[in-house]
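Undergrad: Residues per chain are reported as follows:
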Amino acid sequence: MKALYKIALLACVSAVATSCFDKSRPNYQYFPNMYEPVPYETYSEVPTFANGKEGQLPAEGSIPRGFTPYEYENSTEGYELAKANLVSPLDSAEVDLPRAEQLFTIYCAVCHGDKGDGKGNLVKREKFLGVPNYKDRQITEGSVFHVVTCGLNSMGSHANQLSQEERWQVAHYVMKLRSEL
Amino acid sequence: MKKVGNHTSFSRILFFCLALSLSFSFASYAQDAAPAADAGQEAAASAGAGDPAKGKELFNSLCAACHKLDAKMTGPALRGVSEKHDREWLYKWVRNSSELIKSGDAAAVKLFAENNNQVMTAFPQLSNEDIDNILAYTSEPAPVVEKKTPGGEPVAQEGGASNNLILGALVLVLLVLIVMLVLVNTTLRKVAAANGVDVSKKGNTISFWQAYARNQFLVLVTSILLLLSGAYFLYGYLMQIGVDQGYEPIQPIHFSHKIHAGENGIDCKYCHSSARVSKTSGIPSLNVCMNCHKNISEFTGSKDSTYVEYSKEFYTAEIQKLYDAVGWDKSAQQYTGKTKPVKWVRIHNLPDFVYFNHSQHVSVAGVECQTCHGPVETFEIMKQNAPLTMGWCINCHRETNVKVEGNDYYKKIHDELAKKYGVQKLTAANMGGTECGKCHY
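Chains as they are written, first to last, in the UniProt record's numbering: chain H, 1 to 181; chain D, 1 to 441.
Keep in mind that the hints are not guaranteed to be accurate.
[Said to hold, decoys possible] Listed below are the simulated BS3-like cross-link pairs for lysine-lysine, each with C-alpha atoms no more than 30 Å apart in a straight line:
| no. | chain 1 | residue 1 | chain 2 | residue 2 |
| --- | --- | --- | --- | --- |
| 1 | H | Lys127 | D | Lys258 |
| 2 | D | Lys321 | H | Lys135 |
| 3 | D | Lys321 | H | Lys124 |
| 4 | H | Lys124 | D | Lys258 |
[As the list claims (entries may be wrong)] Beta-carbon label-pair distances, calculated as ranges:
| no. | chain 1 | residue 1 | chain 2 | residue 2 | range |
| --- | --- | --- | --- | --- | --- |
| 5 | H | Leu90 | D | Lys72 | 33 to 43 Å |
| 6 | D | Tyr232 | H | Asp114 | 46 to 56 Å |
| 7 | H | Phe31 | D | Thr336 | 14 to 24 Å |
| 8 | D | Val219 | H | Glu36 | 16 to 26 Å |
| 9 | D | Ile413 | H | Glu36 | 30 to 40 Å |
| 10 | H | Thr42 | D | Pro124 | 49 to 59 Å |
| 11 | D | Gly391 | H | Ala59 | 36 to 46 Å |
| 12 | H | Pro58 | D | Gly391 | 19 to 29 Å |
To be clear, the hints were calculated from the coordinates, so they are not data collected in a lab.
Just so it is clear, the structure is predicted and the values come from calculations on it, not from any experiment.
From the three backbone atoms N, C-alpha and C, an ideal C-beta is built for every residue, glycine too.
From just these sequences and the hints, can you work out the full model?
TA: Okay, here's the thing in structure tokens:
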């Protein structure tokens, strides 16, 4: 009987010792005031601002350095205008196709396919349908830039994932793919 | 000593096994349902004018960008559209809807206004036959699978019940075993008593502990051993303080990296785009989710959905959570403007006294995300894979060769460094990657 008590005691002790490991909580820290930053961390909740978020929108009307305001509105007319009038600011020396290919592979190929034939992985798996072959669409580099910036139909805007310059690179790469299809 | 992240208890393994067997049974159900749906489609094919199989192909490649069969998307739902409109009118509409609207056709103008004045892409390349095929596809009755789901749900519940049932049965078996052991023990004692054997009496010997206590050498050895092992474990415990390896918090939305990055093969940087260009890898903002989930409003699983660990309803409810947060009205296909933040729990968090820059590692060095974050594409629930300790950083800096090929601008300095250290290939450490000031300042 005594042995039984001892075993129970051992079980209890080990249970207490191991129950402290809770993987849904962060571990203890030695000197938290050296770990925890004094300034606000990215994405943190802060009491200073009215909406409680660290990430604040820039003041209305402000323009980031190096940013060119985009004048075509997100509508069918804007699309047509961009298609007809918008031309790439990049000259042939500035177009970096290997980098554009990388960007295309990350952001576009999952639906549009590596060759732009509309047969990306998501289309093959029938998660996302109706992705056209670039060949079947009358597109210009201006219209590609407009669509990547504003989105079209089911495609969302990719303006927050790609900078303006990167979008132009991708537009050039799309036109290259289209010519090869 | 490393802290082990996952503590697999026996009960958890048991649960896992049950869940596994359950998911297999689900998969087999899904397979049963599929041929039934096909049969339904074939029946409809013989009734309709066009070929619905060809129609489906055309529909998926041309129409599905804006139309779904049973739900409004950019354009209206198309199931049964051939009954709503005259066929000649539909031919005209598909080939060039704008012209039809301009001509002042009442039905066309009304339809245009109903769908927020969205212009439908013209498809002049489609022949009457093609459109007939598409219409044959859209005229198919709603798939049998959907009718089956109400019948399918009780099966799911049954599965849940049987889960508990099996556990209950196991407990019962254990109880019976214990009772049997006690019974056997008492009967054996009775038999011994009847035969005149005294079981409880012990011989006239000193106890084990007394003998042990008298042997001073043994006591010394054990106490030294105890002290050493105690020190070892204490050291191990102290060293893992502040290390969050295996940290796996419960997130407000159950996001499965396994489905997104693994099965669907979406690049890490598609969502974590700022890892390319900034210090922080970034929690994707919800508009990135909506780039795809505007269309994908429910989890459909795939035919080979053995990777699915939760039910379809569960995943669909998680997508609904996203819609609630971003303020997307699924039925109206519009943003309501009522948003609320999703309070994701940060997992990887370096102490404030360390500087780490994602873009430097991802874009400049070309390190794969998985090198530090582990095989995230296999994680159903995201967790911290690496210890993120200084020793771990330094190790990688010492062992990783820097890709200097094709970087002619720094060729001279690279050559000089290689000569200085007498190495063929430069490591990050050779280039100052272990200087204190690189990360601590």
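Undergrad: Next, verify each hint and record whether it holds.
TA: Going down the list of hints, with the structure as the test:
no.	hint	in the structure
1	Lys127/H to Lys258/D	holds (15 Å)
2	Lys321/D to Lys135/H	violated (38 Å)
3	Lys321/D to Lys124/H	holds (27 Å)
4	Lys124/H to Lys258/D	holds (18 Å)
5	Leu90/H to Lys72/D: 33 to 43 Å	holds (39 Å)
6	Tyr232/D to Asp114/H: 46 to 56 Å	holds (53 Å)
7	Phe31/H to Thr336/D: 14 to 24 Å	violated (46 Å)
8	Val219/D to Glu36/H: 16 to 26 Å	violated (47 Å)
9	Ile413/D to Glu36/H: 30 to 40 Å	holds (39 Å)
10	Thr42/H to Pro124/D: 49 to 59 Å	holds (50 Å)
11	Gly391/D to Ala59/H: 36 to 46 Å	holds (44 Å)
12	Pro58/H to Gly391/D: 19 to 29 Å	violated (40 Å)
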